[in-house]
Structure formats: C-alpha cells, structure tokens
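**Student:** Spelled out from the first residue to the last, the chains are:
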Amino acid sequence: MTSIARTDAVAQMGWPPKKLLPGIFILILFLIIPLSLLLMTSFWSASFTGLKAEWTLANYARLFSRPVYVDLLMKSTRIAFVVTTITLVVAFPMALWIANRPPARRMQLMFLILIPFWTSYVVRTYAWIPLLGNNGVINYALMKTGIVTAPLDVFLFSQFTVHVGLLYVYLPYAIIPIALSLERIDKDLIFAAADLGASPRQQLMWIIIPLALPGILGGGIMVFILCIGAYVTPALLGGTSGMMIANVIPDMFGVGMNWPLGSAVSLLLMAITMAWVWLLGSRVGFRSIFIGD
Amino acid sequence: MGAILEIRNLTKSYGSSSPAVDNVTLTVNKGEFLCIIGPSGCGKSTLLRMIGGFVEPTSGDIRLDGQTILKLPPYRRPVNMVFQNYALFPHLTVGQNVTFGLEMRKVNPEERAIRVREVLKAVELSGFESRSVLELSGGQQQRVALARSLVLRPRVLLLDEPLGALDQKVRRKMQIELMRIHREVGITFVHVTHDQEEALAMSDRIAVMSNGRIEQVGDRVEVYTRPSTANVAGFVGESNRFCGILQDGEDNAQSVRISDSLRIPILTSTDVHVGSAVELFVRPEHVAIAPLDETGMAMFDGTVRDVIFLGESARCHVVLEDGTPLMASVTLSSLNASGFANGTRVRLGWPKKASLLFADNAA
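Protein sequences appear in the order of chains A and B. Heads up: the first sequence begins at 1 in the working numbering, then just goes up one per residue. Heads up: the second sequence begins at 1 in the working numbering, then just goes up one per residue.
Quick caveat, the hints were computed from the structure, so don't treat them as lab data. Please note that the accuracy of each hint is not assured.
Subject to a maximum C-alpha distance of 25 Å in a straight line, what follows is the list of computed SDA-like cross-link-like pairs (lysine to any residue) [said to hold, decoys possible]:
hint, chain 1, residue 1, chain 2, residue 2
1, A, K187, B, I258
2, A, K187, B, M104
3, B, K106, A, Q203
Pair ranges (Cβ atoms, derived) [as the list claims (entries may be wrong)]:
hint, chain 1, residue 1, chain 2, residue 2, range
4, A, R106, B, E110, 21 to 31 Å
5, B, E103, A, L109, 49 to 59 Å
6, B, T25, A, R184, 34 to 44 Å
7, A, R106, B, K169, 33 to 43 Å
All C-beta atoms, glycine included, are put in the ideal place defined by N, C-alpha and C.
Next comes chain A alone, as it looks inside the complex:
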C-alpha cells in the first residue's frame, strides 16, 4: 500500500519533477561536477607547475605498483572492518535494551546517545590524549597501583588508539538504526516464537536478529563508510603506525603537488567503499535498509 502511495506521489510531480529541481541543482553543482573533475584529473598528468591536460593511465599504474598505497588501502579496509564488527557487537545489546524500555524512557535514552554530537568530534577525539598518553589517566593509574613501573606507550599513537577512537565516535551511528529496527518488530512475533517453543536465546537467533537485520546492516554500512575514509581520528591519535589512506590524500593535493595521483587514490577509496556497501546491501536488499518494510 505504501509503495502505491509513493508511486502516485512521484507521478503527480510530473517529469521533470519540478519540486525536486533545487535538490537536483545542488547535487549537480556539489556532487556530479566535482566528481567528474576528480575523475578527469585522475587521468591527467602531473608536472612541477601542477596539472597537465595529457591523458594517461600512469597515476593508476603508480598506485598499484607502489606497495605503500596498496598497503594503506588494505590497512584502512581492515581497520574499518574490525571497528565495524566491534561496533555492531557493542551496539546490538545496547540497542536491544533501549528498544525494550517503555516508549517515554526510550526517547530519553536516544536523546542521551545524541548528546556527544553537541561537541565537535575533533574535541572529543582530542579527549583521548589525556586519557591514553604517557602522563595520561590510565598510565597514571597503572603506575600508582604498581602494575607497571614505566608508562606504557602502546595506548597512544598506535593502531589500537585508532580503533578505540573510531569505535567511540561512531558507536551512535550503529545504535540508533538498530534500536529503531528492533522497536519496529511486532511483539506478537516474539510471543509467537516463545509460544512455539523458542527459548530466549533461540528467539534472538531466529526471530529478533533476522528481523533487525536491515538496521544492523544499515548501521554497519554507515560505520564502515565513516571508518574507511576516517581522517581526523588517525591524524590525531594514530601516529605513524596508525595512519590510514585518507591521511595521505591531502598531502598529494598540498605539499606533494600531485593532484592526478591524489584524484586516483580518492576514486579508488570510493570504489572500494562502494563495493563493500554493495556487497553488504545485496545481502538484505537496499530497499529494506533505506526505505523499510
């Protein structure tokens, strides 16, 4: 029924849909044109003075021949994958708990989850330095209790720190869609599962998780996209070992003065991200993730 209503609404707009023109204009100006330029630049040549409009595949050849870029891409994908998995494992029980509160309480809890967004995530990321640093809270506590004699430097400026930072910043992006999709599950379905002999664990396995899958995958895709292209977190907390692919792109456009290579790296990152999204999305269908039902 909703799909019929939706189709009617679209049909009423006519073609081209006039009401959508402002949106289409913004999309063309800020998305289509810049992306086309990026695509074009990635096939141009670099020179000492900047760009040369000579078509070449050299940028992509260089990208794949230098292990540093491939390694960085692999590392970024791995970090994003690990963080997404941990985020989902942490987010699901929280979302389940929130979704089972009475409606008024649920709103309060959702609100609490959104509170960190009131502060810039740069500031929130910086906050980890006094926590994890050599003179930070954790090392101070470890030394005071005599567990270690010298401060441990593994906490800060490592891949570990990047994982912690990303998990912290992007957790709400997973909790909210999962909680919403759990909330939408008809309670009678869970009663019916219990009635048919499913223990609480079986209800979770066979009914609740499968029905919340759109929310789980939606949240997962969101976190994955945000993580794979993360810039601020690895820049502030990663040091050299925690560097990710997005951290090298600005240098190519800045001090490196190699826009074509920078464009090629950007596009490759985008392609990898889209491939993952497509892979995850095709498991349940984009329709159920982004539209519902």
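Chain A is already provided as a structure; the job is to place chain B on it using the hints.
**Tutor:** Showing chain B alone in chain A's frame:
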C-alpha cells in the same frame, strides 16, 4: 470428557483500576471447542494470554492435566496460541513457519518433514511450503498460523480472535474449516471472540465474559435459550429489549408494564419482586410471522453433513443424492422438533418461484 485445563480464581489487575480479569474460575474439558465471548475490553484476551504464559496473573492458578503451569515460561507450556494478526514470521516461508516449533523442539528432520506435510494437507495448503507468507491472502495466512500451532500437537490450542481480520465470506468458510479441523485432530480448542454469531456457530460450550468476570458458562444452545443474566441475554444473539416495571395483574398473572399502552404478560416470576424495574428480552424468532400461501415446490432428498447453529436459526449443510452440496436455513423450533443431526436423511424443497433464473454467459 474429563477436565484438561482448570482455571482457578484467576485475577489480573493493573495498578489501581478494576481488574482486567476478576476471580475467574473455568474448567475446559478434554477435546471440546470452548468459546470465550464478550465485548472488547472484557478481559477475554488477557485470560487467554495468561494461559499462554505471556501475561503473569496477579493471583489464582492455571492447571493443565492436574499440574500447575503457572511457573512455566511460554516456551515450556504444552499449549499453543493462534494470534489475532497471525504473527507469522515475515522472513520465513510457509514451510519454515510451520516447521519452526518442531525445530525449536529438536524433532528429527524426517519426522519434521512428515508432520509438516500432514498438517499442511489438513489445512489444505499442500504445495505452499516454499511460498513467502507475505504473498498469501488473509485466509491462507490464517491457515498457516493454524498449521504452525497444530503441528506441535498442543494439549490445548488457544485462538485469539483468529477470524477477526477476515471478511465476512472468508470468515464463514474458515468457521467451517476450523470445526472440521477440530473434529479431525481431536485437540481441545479455546477460542476467544467478540463475535457471538461465530461462537454460536462453532463451539460446544460458551463462556460469556463481562467486566473481567465470567457471567455464564454452558452449552451453546443453553446460553442462547436460557441466558442467566441480562448481560448475557443482551450480548448473545439478537433480542428485542424492553425496560419496564413488573406488575401484578388480575388472576395472579404478572405482566411487565412498558408504557401506558403496552403491557407484556409473562409467566409468574419468583426471582423478581413486584414493582421493581426489569429488562425483558424477546428473541426475533419467537415472534411468529406466517406466510399466507404456497404454490408448487421443488423437492429433493439428501443427507445432513453439518449443522451450523446461528442462534436464531441454523444452517444445515446437506449433500444431495448425487453429491451436490446444498445449504438450508432452519428455524430453532423446527431444528428442535426434527432433531437434525449429522447423517440425518432429509427432504428439501423450495417454492418454484424462489429459483432465480439467469443466462450463463460463460457457457
């Protein structure tokens, strides 16, 4: 016909308001089809959900085969429920929905397959195993919900307004279907509905609820013909309802004074004091209205297969000699007089002028 399910002094109250279920005591007999009826909000669904284990009673006891089941979680209770909106699992196929309970109970795959096939045959959905439940019509979804519960062979099957979402025609069909299935599987059915016609049509016994209490429990004909309270009389079946004052008339005959010009003579009442306000109910079928003439009749012989009791009348499902099915309405009095039971040989007929003739364009 021993007791299978005993509900003793069961009460459920939410906070300070009057209890949703108020000190209900009810015995369900093995193999019977019991209907619990009452207006919405009377507590009948809450009662059913307490039996299923989804609502915890405030006090009282529920005993199945003599053992209390109060401490058992829903997934350990040997009763199953058909939900109002079927609650079919939307991400599973028909076959997966039906086999779900067997899988949870770790029944081995061969037996699972056999039982699923059997039950789908019983609800006439053979070959639907791999269909998505979302593709099915309301009536078909209803059958899947029924099959999903029946396949577990519950001690008692609880039905929570299972036909409420269906349109009139499908509902009638499913009523007959439910009766047939009940007869064939021999499982005890406890059916909750607000539709008194449905209860009269299908059940062996009826429990009438109002404001959380049970007003009357009895055989369907008894509940209909001898309601014990005005609530029951008003709720079950159609009635002409009068309000008046009980009066003494001449020769010790009593009457109810409705207005200055209307006095309804009654048999002498011993329960009500003369001079007090009364409600008086008269069923429409007791108000006789006679046809004047009758011309030629078409006459056929057949056998009664089902008698659907509708309250004021009954519908006999008859099969003629050549196998043609035929439905006939019978008044309560002629039903009582002739005692139509399943298997009775009958003669049917109708005035020639009652047959409406149309050209068959399809032929």
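**Student:** Could you check the hint for me, namely that E103 (chain B) and L109 (chain A) are 49 to 59 Å apart, CB to CB?
**Tutor:** With a Cβ separation near 35 Å, E103 (chain B) and L109 (chain A) fall outside 49 to 59 Å, so the hint is violated.
**Student:** Please test the hint of 21 to 31 Å on the beta carbon pair from R106 (chain A) and E110 (chain B).
**Tutor:** For E110 (chain B) against R106 (chain A), whose Cβ atoms are near 45 Å apart, the range 21 to 31 Å is violated.
**Student:** Sort out whether Q203 (chain A) lies within 25 Å of K106 (chain B), counting only the CA atoms.
**Tutor:** With Cα atoms ~15 Å apart, K106 (chain B) and Q203 (chain A) stay inside 25 Å; holds.
**Student:** Given the hint that K187 (chain A) pairs with I258 (chain B), test it: the Cα-Cα distance must not exceed 25 Å.
**Tutor:** Status violated; Cα separation ~51 Å.
**Student:** For the pair T25 (chain B) and R184 (chain A), does the Cβ-Cβ distance stay inside 34 to 44 Å?
**Tutor:** 39 Å, holds
**Student:** With a cut-off of 25 Å on the C-alpha distance, tell me whether K187 (chain A) and M104 (chain B) pass.
**Tutor:** Given pair K187 (chain A), M104 (chain B) holds - Cα atoms ~19 Å apart, limit 25 Å.
**Student:** Quick one: are R106 (chain A) and K169 (chain B) within 33 to 43 Å, going by C-beta?
**Tutor:** 41 Å, holds
The structure is inconsistent with the numbered hints 1, 4, 5, although it conforms to all the rest.
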